[in-house]
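Chemist: These protein sequences, in sequence, are chains A and B. Residue 72 in the working numbering sits at position 72 of the first sequence; the count goes up by one each step and never skips. Just so we're on the same page, the working numbering is the position in the second sequence counted from 1, plus 292.
Treat each hint with caution, since some may be false.
[To be verified] In silico lysine to any residue, SDA-like type, Cα no more than 20 Å apart, as pairs:
1) A:Lys147 / B:Asp388
2) A:Lys58 / B:Thr334
3) A:Lys31 / B:Thr382
4) A:Lys58 / B:Pro333
[As the list claims (entries may be wrong)] A short, non-exhaustive set of chain B residues, derived as facing chain A with CB atoms under 8 Å:
5) Asp322
6) Ala336
7) Phe360
8) Leu408
No lab work stands behind these hints: they were computed from the structure. All values reported here derive from a predicted model rather than from experimental measurement. Built from N, CA and C at the ideal position, the CB exists for glycine as well.
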Amino acid sequence: MPSLKDLKNRIDTVKSTRKITKAMQMVAAAKLRRAQEAAEASRPYTERFNAVLGGLAKASAGSDAAPILLRGTGSDQVQLLVVMTAERGLCGGFNSSIVKLAKQKAETLKGEGKTVKILTVGKKGREQLKRDYGDLLIGHVDLSEVKNIGYANAQEIANDLLARFDAGDFDVATIFYNRFENVVSQIPTAVQVIPAKFDTPSESDETGYVYDYEPSEEEVLATLLPKGVATAIFSALLENGASEQGARMSAMDNATRNAGEMIDKLTIEYNRSRQAVITNELIEIISGAEAL
Amino acid sequence: MADMMQFDLVSPERRLTSTEASAVQIPGADGDFTAMAQHAPTIATLRPGIVTVQGAGGEERYVVTGGFAEVTPDGTTVLAERAMPAGEVTQDIIDDFVATAVAARDNATPEMLDQLSKQVGDIALVASELGLQSKA
Chain A
1 MPSLKDLKNR IDTVKSTRKI TKAMQMVAAA KLRRAQEAAE ASRPYTERFN
51 AVLGGLAKAS AGSDAAPILL RGTGSDQVQL LVVMTAERGL CGGFNSSIVK
101 LAKQKAETLK GEGKTVKILT VGKKGREQLK RDYGDLLIGH VDLSEVKNIG
151 YANAQEIAND LLARFDAGDF DVATIFYNRF ENVVSQIPTA VQVIPAKFDT
201 PSESDETGYV YDYEPSEEEV LATLLPKGVA TAIFSALLEN GASEQGARMS
251 AMDNATRNAG EMIDKLTIEY NRSRQAVITN ELIEIISGAE AL
Chain B
293 MADMMQFDLV SPERRLTSTE ASAVQIPGAD GDFTAMAQHA PTIATLRPGI
343 VTVQGAGGEE RYVVTGGFAE VTPDGTTVLA ERAMPAGEVT QDIIDDFVAT
393 AVAARDNATP EMLDQLSKQV GDIALVASEL GLQSKA
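Looking at chain B on its own, in the form it has when it is part of the complex (with noise of 0.2 Å):
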């Protein structure tokens, strides 16, 4: 059995979970990562996507849209701007995720448009990860 970290998710809004945790993996903005104890300190961005918990009490899934993690090798905080279990994700809250970053493309600055039409792809991934649909 893999060493125990101590593994924070939290939004603004409230505390989703802080639990030990053997393994998360992190969608990072330049890539997934998986973070285990003694992991390095480091400090990502996040893009939209999905937070995996391997726990003791099995595996759980997060929806978070972008954000940032903090992990240092007695633990890891996942601060994301919205999140939630991946359960509770229907098909509302994927479209309006998806009208939000669609909305922010379409007025986004040139140099911003790469980055935020990556967002709306990354939103239709989760959509189709969760079986449901993106209308982006």
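Looking at chain A on its own, in the form it has when it is part of the complex (with noise of 0.2 Å):
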């Protein structure tokens, strides 16, 4: 039976991680409406983008003479994937289920006798692939410094990529991220950039409208296919940056809750020991009185 002193504090404890754990749920929601924002204002963009770009790499797909970005090495057997990670923990699953999507697909890829190998951005994906996965890993983007998240980002990302592909490296590319959903759910997500994978444009997509092309369909398509790896990963960064507010806030709220729970249950401890201490104690006194 814990003393009174002990529960005393051990309350005192429970208190101060609740004003913690209540502070970050708030800091995490100013941040989630924050990173809400600007995956809104990235939206015209992107959708504009893979509009234009995925009519035109209709009309070449399947041509021999389609960039290489497109048409793919015509291998598959070396497979990078970019696991993006969140720079921190206390985040719920946030990270866990990418990593677990990863892995999962890694051992599909290697049951399949091809090649894998790993390129993390965020250090708590990669802290966790590192135990099984540490041979494999290739490189790692670290964002900790960056605060928020800018295209410059993620063309850097994509530039790297674009060398590695280059040179060589791997012949396709998936990347790894948490889709937002909402609030409560966020979805790990994969999707290919390297060869670039469009969805068939829906009906409403075509405007119908037979392009001329300056300088050329070729020059154009050539210059696109680039910024489209670095317009993917953009979004890809900024649902991420969303659904780790968003996971980290539905963490951080369910723990504040825990910790008001736990309160009052050890109130209630508290209260009872201390009632049987007072007990005790007039117990003692009327005992000693009869026994005079």
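Join these two chains into a complex; the hints should help.
Modeler: Dropping the structure here:
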């Protein structure tokens, strides 16, 4: 039976933990709003870009003259997994769920006899993958110094990927990130970026125009494809950013609630113990008086 | 008064403007051109330069550093990698543009060298247009 002093101490500890988690939840909520705004702001660009690029890609798909970024190397032997996670923990299953998806994919690919390479973005994913796949990690992008993710960050990652692709390091690149559904649900998603894949545009996306291309269709496509990689990475980074904050917010909300419950329970225990002590003292006094 | 058309200028980070315009001058990779309503559908890549929008409320200028423009008879959309109103461009920003372009040029493969050197020149032109210095 813990003493009154012990109980008091524990209550104080849990109370200060609750303060911290509460503060973290509020910070995450504020950051989430900003992250969502950033994701919203990038949407017009991404949508138009993908519509134009998708249309172009469809037109030249299947032709041998198509750029290598679209057509691929003709092999899928070496697979690069780009695993994007957060730089910080304390956000529930956010990091683990991405890593789990990537691991599954890596295992399937290995089972098919493919070579797997892994590039990590964000510290947490690297830490988790190092244990099982330490020898497969070929690089790491550190974003811990970056406060607001900008297009320039995405471009850097894209350039790194493209340089490796040009050097023949891999045939297929897939990025892993959490798609932001809402505050309580983030969906781990895998998207293949090299060679570029496009969803077939739905009817409404078709503008029906036959475009003139300047300088030429091939050149426009060749300039746009690398940008397409950057755009895909940028939107993945933004989705990831919003998801991270959402996940942290709900994780911290749960933690705050748990701390509250614990405080209630401890307080009851504390009050009972105190009452027991008082009762004991009374019995002692009364029996002492009776003995006289 | 010429017909108006919809004009949008978006960068990955934000939508800069969405307005009615009568004519838009676009710095295409193969040379400047002006898009007006009923222009033939065109997709053109951009070089670093200044997009000038003739709108109902006068003329507005934006600095862009590449990307592409989609012109249709009903409207024009410019998707720029980096874009900002000409008035917001400061010496620091130009220096940053120049540094990025020069770094790209210095790391370039021989077949890309021409194109990237041209970009450095284009940025210098933008700088002088805005009355700023370019260190290239």
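Chemist: Any of the earlier hints contradicted here, and which numbers?
Modeler: 3 and 8
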